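Quick mapping for you: the protein sequence lines, in order, are chains R and W.
Each residue of the first sequence is one higher than the one before, starting from 18 at the first, in the working numbering.
Each residue of the second sequence is one higher than the one before, starting from 18 at the first, in the working numbering.
These aren't lab readings, by the way, just hints derived from the structure by calculation.
Since the list gives no way to pick one copy over another, a pair counts as held whenever it fits inside one copy or between any two copies.
List time: in silico DSS-like cross-link candidates among lysine-lysine, alpha-carbon distance up to 30 Å: (1) Lys-86 <-> Lys-30; (2) Lys-62 <-> Lys-104; (3) Lys-86 <-> Lys-104; (4) Lys-30 <-> Lys-62; (5) Lys-62 <-> Lys-86; (6) Lys-62 <-> Lys-99; (7) Lys-148 <-> Lys-86; (8) Lys-162 <-> Lys-86; (9) Lys-104 <-> Lys-162; (10) Lys-162 <-> Lys-99; (11) Lys-162 <-> Lys-148; (12) Lys-62 <-> Lys-162.
Note that this is a predicted model, so its numbers are computed, not measured.
Protein chains: 2
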Amino acid sequence: MNVLIVFAHPEPKSLSASLREVAIHELEAAGHTVRVSDLYAMRWKSEVDRADFPSLTPDERLIAVAASKHAFDSDTLTDDVKAEIEKLLWADTLVLQFPLWWFAMPAILKGWVDRVFAYGFAYGVGEHSDKRWGDRYGEGTLAGKRAMLIVAAGGWEEHYSPRGINGPIDDLLFPINHGILYYPGYDVLPPFVTYSTDRLNETRFEAAAESLRDRMRSIETTRPISYRRQNGGDYHIPTMQLRTGLGAPKASGLALHIKDAAASS
Amino acid sequence: MNVLIVFAHPEPKSLSASLREVAIHELEAAGHTVRVSDLYAMRWKSEVDRADFPSLTPDERLIAVAASKHAFDSDTLTDDVKAEIEKLLWADTLVLQFPLWWFAMPAILKGWVDRVFAYGFAYGVGEHSDKRWGDRYGEGTLAGKRAMLIVAAGGWEEHYSPRGINGPIDDLLFPINHGILYYPGYDVLPPFVTYSTDRLNETRFEAAAESLRDRMRSIETTRPISYRRQNGGDYHIPTMQLRTGLGAPKASGLALHIKDAAASS
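With the rest of the complex left out, here is chain R (with noise of 0.2 Å):
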């Protein structure tokens, strides 16, 4: 299997460029073949601007939506862009892995996001009709991919926990595992959290590793998250809301999208 990392910090020696190597090592033993994208050693560019659009005329507005539609329809993309795309396109699995800054991920992965996924990738794709509102959420370009988050939290498991002050993890990741890899059509795992990170000693470093080596060895067969198919069934065309009668009583705003939710998470 083809894997491509997409890694998001700045300092080589961190507790996440450890886990990456670890994460590496166990799939490459596995026989998988891995390639990653090191953003800061890439020193990758975060801000979409009308430099992204070489064919812009200088007076003419820049719409985001509309050049990165002609750009990719024209194959005027830039070519930083271009070769994340081509790496998407070559792996069968994704992996996103940032420390949670403020709850999100950092600026640099933000724009990784904000300019690789172009209009016509990785939305912008299908067909709409009555019976279709595009290709997304588990269609579209990358369905049949997987994808998955590796995240070091500095918090306590407890302050993210289902009754915990910072909000479930699983709400937090929301617009990032639904919003950005569902979307264009990923498998979506769930994810690996590291806690605590700041207070990591070698005991729970080593804890950790162990972790994730099991993960990695059980990236083709883990069951992804159950989000719903857009044009499953579930939900009303247009309007895209969720059937009357689906969702759990107590599934929360957002696990309602989740099939097997059976309680707020």
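Mind docking chain W on chain R? Use the hints.
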């Protein structure tokens, strides 16, 4: 009142820029003083990296939390970050204005948060004991000030409704409203969200502008989202889990943290 608008859109002729001008005009007409951090115009640096911490020696490992703490304590944050901190201390109200890209803020704005919200300023504030877990979530450096989001979303409003496929907008914005704004102390006002922005004609723009004017006229009096204060007795310390019996039975994982939330939203 002093208002800081942090603005993140690459196009000066965008819908977001037009709405920004509407907001500024209305605020100034009411006698408020407005400053704008236009991140693209400022060529804001998005990535947290070694350049942010000039006092790090070349062979020293970059640990983001420790480096941020040291830089804040020793007054060696970079000048661009110091200028933003000065503006945040000046402002009675902070407005973050951005287009919703992939269900989150654009990278350049995330990079503003990642870099400006330093340890000792926006987190790592206050005493930790068996009665308090630092000054955060309703307490902290920015307590007593107000904050709100002005967001432009390309998708349909129905898709962001309580049962909409994207997830409820309030849940998607929770990591920002609660995790970024309430965390360092802000009272967070309900967001102002414009939907279907790709198809916004003159009539709909004028309606959106008028709603925004209303919100700007009431910015001093609008009731904030009633997030629960961390140290107000609702949470166990130090696990910071919401006490049994609190939170409406139907409240979702995220809505649990709002005092008057009656149901999943």
